[in-house]
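Novice: Required output: the full structure, derived from the provided sequences and hints.
Residue numbers (the numbering used here), protein chains in the order written: chain G, 1 to 1007; chain Y, 10001 to 10508.
Treat the hints as calculated values from the structure; they're not laboratory data. Backbone N, C-alpha and C define an ideal beta-carbon position, used for all residues, glycine too. Watch out, some of these pointers could steer you wrong.
To be verified - Quick look at which bits of chain Y chain G covers, simulated, 3 or more residues with Cβ under 8 Å: (1) 10075-10082; (2) 10096-10110; (3) 10154-10165; (4) 10352-10358.
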Amino acid sequence: MTFLLVILLSAVSYAQQQITVTGTVTSKDDGQPLPGVAVSVKNTTQGVATDGSGKFSIRTAPGSTLVFKALGFTTQEVNVDGSPMHVVLISSQSNLNEVVVIGYGTVRKKDLTGAIANIKGADIKSQGVSDVTKALQGKLPGVTIESAGGNPGAGTRILIRGVGTLGDAAPLYIVDGVPVASINNLSQVDIQSVDVLKDASAAAIYGSRAANGVVLITTKSGKEGKPVVQVTANYGVQRIGHEVDVLNAQQWAKVSNAAHDAAGLARLDIARNPDSLGAGTDWQDAVYRTAPIQQYGLLVSGGSQYGNYSVSGSYTKQDGIVKTTGYDRYNLRVKSETTRGRFKFGETILLTREKTINMAGGWGGQGGNPVGSAAKMIPVFQIYDTSALGGFAGAYGPVVNVANPLAQLHLENIDKISSNILTNVYGEVTLIPGLTYKLNLGYTGNFITNDDYRKRYVVGTLFSHPTNDLTQSKEQTDLLLVENTLNYNKIVGKHSLQALAGYTYQKTKNTYLLAARTDLPDGIENIDAGAGTSTTNGNSYESGLVSVLGRVIYSYGDRYLLTASFRRDASSRFGSAYRHGSFPSIALGWNLSNEEFFAPLKQAITNLKIRASYGVLGNQQIGDYLYSAAIASNINYVIGADQHKWFGAIQTAFASPNIKWESTKTANVGLDAGFLGDKLSFTADYFIKTTEDVLLNVPIPGSAGSTSNPVVNAGRLRNNGVEFGLNYSDHVGELNYSFFGAFSKVNNKVLELGTGSQQIFGGQPTHHGASSTLTEAGGPITGFFLIRADGIFNSQEEIDAYKKDGTLIQPNAAPGDIKFFDANGDGQISDEDKVYAGSPFPSFEYGFGLNASFHNFDLNAYFQGTHGNKIYNGLRQDLESMSLEFNYSTETLNAWTPERHTNIPRAVTNDPNFNDRTSTRFLESGSYLRLKTLQIGYTVGDVIKNKFKISSLRAYISADNLFTITKYTGFNPDIGRTGSIFDRGVDFGHVAYPIARTLSVGLQLTL
Amino acid sequence: MKNIITFLVAVVLVVGCKKSTLELTNPNQLTSDTYWKTEADVQSAFAATYGLLRDVNGGFYGVRGIELGNGRGDDFFIRNDVAALYQLSTFTNTPDNGTANDLWNISYRAIFRANQIMENIDKVPDLSEDAKAAYISEAKFLRGLNYFILAINFGDVPIILKAAASTEDYFVAKSPEADVWTQVKQDFTDAAANLPVSYSSEWVGRATKGAAVAYLGKAQLYTKDWSGAATTLQSLTVAPFNYQLMTDYNDNFVVTKENNQESVFEIQLGDVGGTNPWAGENASQSIGVTTAQEFAPAEVAGWFEVSPTDKLFNEFQKEKTTGGELDPRMYATLIWDYPGATFYNKPFSSFKLLFGYSAMFKKYQNYTQDNELTGASGASDYTSSNNERALRYADVLLMIGEALTMQGKPADAYPFVQQIRTRAHLGPLATGLTQDQMMAEIRHQRMIEFARENQRFYDLKRWGLLKQEITNSDKVGKQFFVADKHDYFPVPQAEINANPKMEQNSHW
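Specialist: Have a look at this one:
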C-alpha cells in the first residue's frame, strides 16, 4: 500500500514538471497521417505510438526532444515548445532504399545501373487538367511531354530522349505489367508511380518495343494497417489563353479593297462600303467560351499481413473552351494481393469509359476546323439566318469557302466513346527460398464507338448538305499477354544476386466495322431510319510476339553493381526470314560513397554513384502484313449500257518482304549524387543513341505508280544528349521547402537515309502551302528548309538592282513585295533556294519548381519551357496573305504602301511575287517559359479534424497555364501537332485547338 | 513441388508451341500470289485501271483534270479559291503544284496497273488466246492513253513498261518526249490490232478498236505525222466502224445520251458506288465526278470555281446559223442572259455573274436538276453521273480535216469540216480556201466545238499559238505567261525529290 502510494506520489510530482504534448505525424509523400509511428522522449524509455489518424499525445518536460521513428521513414527529432506539433516524416524512399520499378520486377535505387526517371503520384500536383501526363510535363529529365492538341481529352505525346525513329516515336506504355496503347485515360487518383526507362540497360528487357523508351505506370496498392479512405474533388474554369488578332469587318474591307485595287481586279461586293460595315461578327468570341472542368475521386485501401487491397473510382468532366466540345471519363480500379503460405495471388482490374465530343473537320472548305474557321471567317458575314435550313448564315460570293464555325459546331455531332478493360492476374509461388515462379496473364480490351451525325443544312451559298447522314463505326482491340517468369534472389555475404528468366507470348487483334446511311428523318439518329445510300466497311488485323528474356542484377558490397539483360523476340510483322531479333544490354555501377576511402567525404557527399550502360533495343512499329503484296479491292468503275458498278481490284502498292527490326544502340553514362545528408540530390546522364535500319515509309517516285510508299529499313539516326535532375529540400524553422529542376538537351542527326540523296519533305503549313521541313542525311530530323525572305523592296530601283546576269531575279515583283534570297544563284526563286532555317527541336528544355509549406499552408509553383526551337506559323501564313479571300491578321493594317514603308508586304490579291509563299517570313521562335501550375493549399488544424473525426483535410486553389512568356504569335507554342514526325513544329491552322488557362479549387480529404 | 514443376512445364509447352501464331496471313485482302486465278480477276484489274481516269485528285477526266486540262486556255478562268488551280491558270504555278503532281502520279498509277495486267495474264488458266490478246490490247490502250496524257502535259517523262520488281526499279530517268510519243503510238497500234469493234451491252464503255485507232491518229496529229494521221483517222469513217455525229450537238453532254454513236471513247461515270467523292480507292468512294458541283453557280449551292472568258463568248458569235440564230453549240456550252434563259430550273435573272465575264459553263452540268448536291443515288455526294466524252467523232472529223489541210490539201478537208458545220446549222463553207484559211476555220471550229473538253490549250500548243492567243485574250494572269516555259508543267518537285535520276524540265 505504501509502496503504491509512493509510486503514485512520485508520479504526481513528476507530472507536475511536465506538460502534455499533442500532435500529428504525416507523410511527406502523400500528406497522409502516419499511424504506428514510435514517438519517444529522447534519452528516456518513455514512448507512445501514433493512432490510426497519426495523432499522438505524450507527457514530457518543456524543452525536451521528441524522436519520431517509423519504418521506411527518416527518423526526425523535434524540440518541444508546448504548442501542438505537426511532424512531417520524410520517406526514406527518397533515400536509396527506395524501390524503383523496372520491367518484370523492382530494384532498390542504390542497386540501379540504368537511366530511369521517376515520379510519385503524390508529386503530381496539377489539378486543373484532365490528363495526368500533362502534369508530368518538364518534371522528368529527358522526357519530353507535349500536348496533343488542346481538345478536351486529347492527351499528350511523350518522347523519350528525342526522336529516335522516323515513324511512330511513342514509347511503350506498361500499366501494372500490361502494355497499353495510351495512358491518357488514367486518373491521377490511381497512380502510385511513373517510372520512365530511358537507356538500353533499363529498357532492354522489353526488347523489340523499347527503342523509344518505356513508361511504367504502377497503380496504388493498399498498405497494412487501418483502412484509408480518401476523397478528392476539384472544380475549375478554363478560358482561352490567347486568341489570334484578326480584322473587324470595316478593317477587313479596307484591306481587301486595297489588295484588289493593287491587282487591278474588281473589288468584292461585300467590301464595297467599308465604313458602313462596323465591327461585324467577332467569330472568335462567338466560338470560345468559359468552360468548367471538374474531377472527383474516391480511394479506399487497406491491408493486413495476408494481403492488401486498393479500390478507387473517379469521374472527370471537362467542357471544351470551344463550344459544344467536351470530354468525360469514368474510372474504376481494383487492385489486391493475397499471400498464403508459399503462394501469392494478385490482380489489377482497371475499367475506364471516356466520351469525347469533337469538333467538325473542315466540311471540305479551307477554314479547317472551327478554330481555324473562326480566325479566317470574314467578319462581314452573319452567324445566324433563321430562314436557312439548319438556322445558320454563312459565306457567299466569290470568297474562299470557309465554313461558319458555329454552324460546324452545331450541325455536325461527332462523338467518340472509348471503353477500356485492363486486367492483370498473377499467381506466384516460392519454389525454394529465393526462387519464385510467376504466371502473369494480362488482357486489355478497347472498344471504341464513333458516331458522326451530320444534319441537313444550307450555310451561306458555299456549304450545303441536303440530307441527314449518320456514320457509325465500332472498333475493338484485344490484347492477350501470357508471361512466365522465374525470379531468383540470393544474398550471400556481400554478394547480392537477383536473376530473372522469362518466356512471354502476346497477341493483338483489331477488328473494325463501319456502317453509314444517308437521308435520315430529322431528329432520328439511327441507321435503320435512313432512306438513302448505305455504306459498310469492315476489316481485322492481328499480330503476335513471342519472346524469351533474362536478366541478372548483381551487386557486391553495395559498391559494385552489374546488370545484364537479354531479350529475344519473334514478331509476326516481319517475313519469316527476318522475324527474330535479339536485344542484349549490360550496365555497370559503382557506389563510390560506400567505399572506405570515401568516408572522409561522407559528411558533405552523402552518396555518389557512377553508372555506365550499353545495349540494343528494337522497334517494330509498322503495319501488319507488309511482307505480302496485297490486292486492294473496291477500286470500282462504272460499265455497261445500264451503267452499273464494276468491281475493281488490283495490287496498288509495293510489298516490303525484306524488312527487319529497327535497332537502337544506346550507350549511357550517368551519375547520382546526394549532398548534405541528401538534402541536395543530383542526377546527370549523357547518352548516345544510334538507330539503325530505321523503318520508314520512304517516298518513292510517283512514276513507280504506287499509291503509298513502302516501308523499308531506310537509314541511320543518331541522338545524343545530356540530362540533369536536381532536388534540394530543407527547412528553416517551420518553413519546409524544396526546389527541383529538370534539364535536357538532345541533338539529333540523320546519318544515312534511303537512297543516299533521299530527301523527305514534310510539314505542309496551310491548306495549299508548300512543305516547310526537310529530312536528309547529314542534317537534323525534320529541319526547317525554307526560302529566305530578305525584307521588302522599297522601290523599283531595288527590284531592278536585284538581278543575275542582267536578268531580274524577281520579274513579277513591285515595290512593297518581299525580296527572296536566290540561294543557289540560278537567277530565279524556286524550291531550289530553300536553306536551313532552324529546327523544331529545342536546344534544351527544362522545368523547375518550388514546393513549400509553412504551418498549415503550402505552396507549389512549377515552370516549364523550351528554348531554341522554331515553329512554322501556318495560320499566320494564311492570315497575312491578303491574297486569299478570307479574313486577315491585324498585322495587315500595317501593310507596306509607297508612303509608309513597313515590314509587312503590300496588299495585292493575285500576289504575283508570291509574298505568301512558304518562306522564313512565317518561321518564328518557339521558345517559351510557362507557369504551368501555381497552387496554394491549406491543411486544416486539429480542431476541425477532431470535430469531424477526420485524418486530414486540405483545400487548395490552383492555376494552370497562368502565363506563358514567348515570342510565338500563334495560339500556343506547345503546338501539339500529332502525326508524322516530318510535320513537327508546323502549326497548321486547320487542326488547332488553343490551350486553356485554368483556375480551380479543390479538396483532399482523408477519413 | 513436383506438381508445381509439372504445371510449369505444361504452361511453357502450351504457350511455347505457338510458333505458328506468327505465320499470319492478311485476313482482309488477297495477295498478288493468290490473285490472277480467274478471268474475273483480270476484269477487276481493268476496272481498277480505268477508274483512275476519273480520279478526283489527278484523273485527267476527274474534276481536277478538267480544271487543269482547260484552266490554262485562253477561254477559261479559274477563281482564286483553290490555290494550285489559280496558280496554274494564271501561269504562276511552281513545281510543287499539287494538282499537276497528282496528274503525274495518277497517270503512272494507271500505267503500273496496266503493266501488271500484261505481266500476270499468263497466270490465268483456261483463258483463250483470243481473249488474252484482247485483254493485252486493252491494257496497252490504257497505258498508251496515260502516256498520251503525260506527253501533252509534261513532255519528257520516264517510260516504264514493267511493274517494278525490286527497289532499284523505282527509279527511272525520263525519256525525250519524242520517245514517249513513239511508245504511245506503239501501244495504240498494238491495242487496235486485237480490240473488238464493239462490246455486248454489259461491257459498253470499255476501249474499242475504234478508240485505239482514233487515239493513234490523234497521236500522229500531235506529232505532225499528217499523212499517217489522215490515213489512220479516215479508217474510222468506213466499216467496220459506224460512227456518226449526233444530230443534236447537246446530246453529247447530257446523261441520257451516253455512249452514243458519236462517242469514240467515253469515261464512264455513275453514282452507283459509295457516297464520298474523296474517300480514296475503296467502297466508300463515289464513282462519278464532282466537276458539275464545282462549276455550278453559287445560287444553287455550287462552288463556281471556273468561268468561260469573253473571248470564248465572242468566238461563238462570229458566225450565225443559216437561220440567223446563234450557233446551237453556244446554247449547249454556255448560259448567259438571253431571253428565256433558264438554268437549274431558275430564270437566268436569279444568277449573278461574279467575275466580270458574260457567261457560265452549261456543258456537262446537270442543269435540269435543282442543283448538283445530290447524285443519282440520292446521297449528298456532289456526284455527277454524266459521262465525260473523252474522244468524240467530231474530233475525228476535224482532225482528218486538219491532217489533210496540213498536207496542203485543204480541198480534201471540206467534207469533214462541213459535217461539223452542218450539224451546227452553219452554211456551206466558202469554196477555195487556202491552207491557212482552212486552218483558221478548223481552229475556230475546234475552239467552239470542244470548249471545256481538255483540248484548247493543247491545240494552241501544237499550233504554236499559245503566246499569241493568250496575250490576245481577256484571261486573268495572261501577263505571267512565258512562252515555252508554260507549254508544259514542270516535273513535280516530289518526283525530283524522290528520284535521284530525275531532272527538271528546261525553263523551270
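Novice: Now, for every hint given, state plainly whether the structure supports it.
Specialist: Verification of the supplied hints:
Using a Cβ-Cβ cut-off of 8 Å, 4 residues of the region 10075-10082 of chain Y lie near chain G, which meets the minimum of three, so the contact claim holds. Restraint check on the region 10096-10110 of chain Y versus chain G: 8 residues with Cβ-Cβ distances below 8 Å, three needed, restraint holds. For the region 10154-10165 of chain Y, the assignment as covered by chain G holds, since 5 residues bring a beta-carbon within under 8 Å of that chain's beta-carbons and 3 suffice. Look at the region 10352-10358 of chain Y against chain G: 3 of its residues bring a Cβ nearer than 8 Å to a Cβ of that chain, three or more, so the hint holds.
Hint check: no violations occur; every hint is consistent with the structure.
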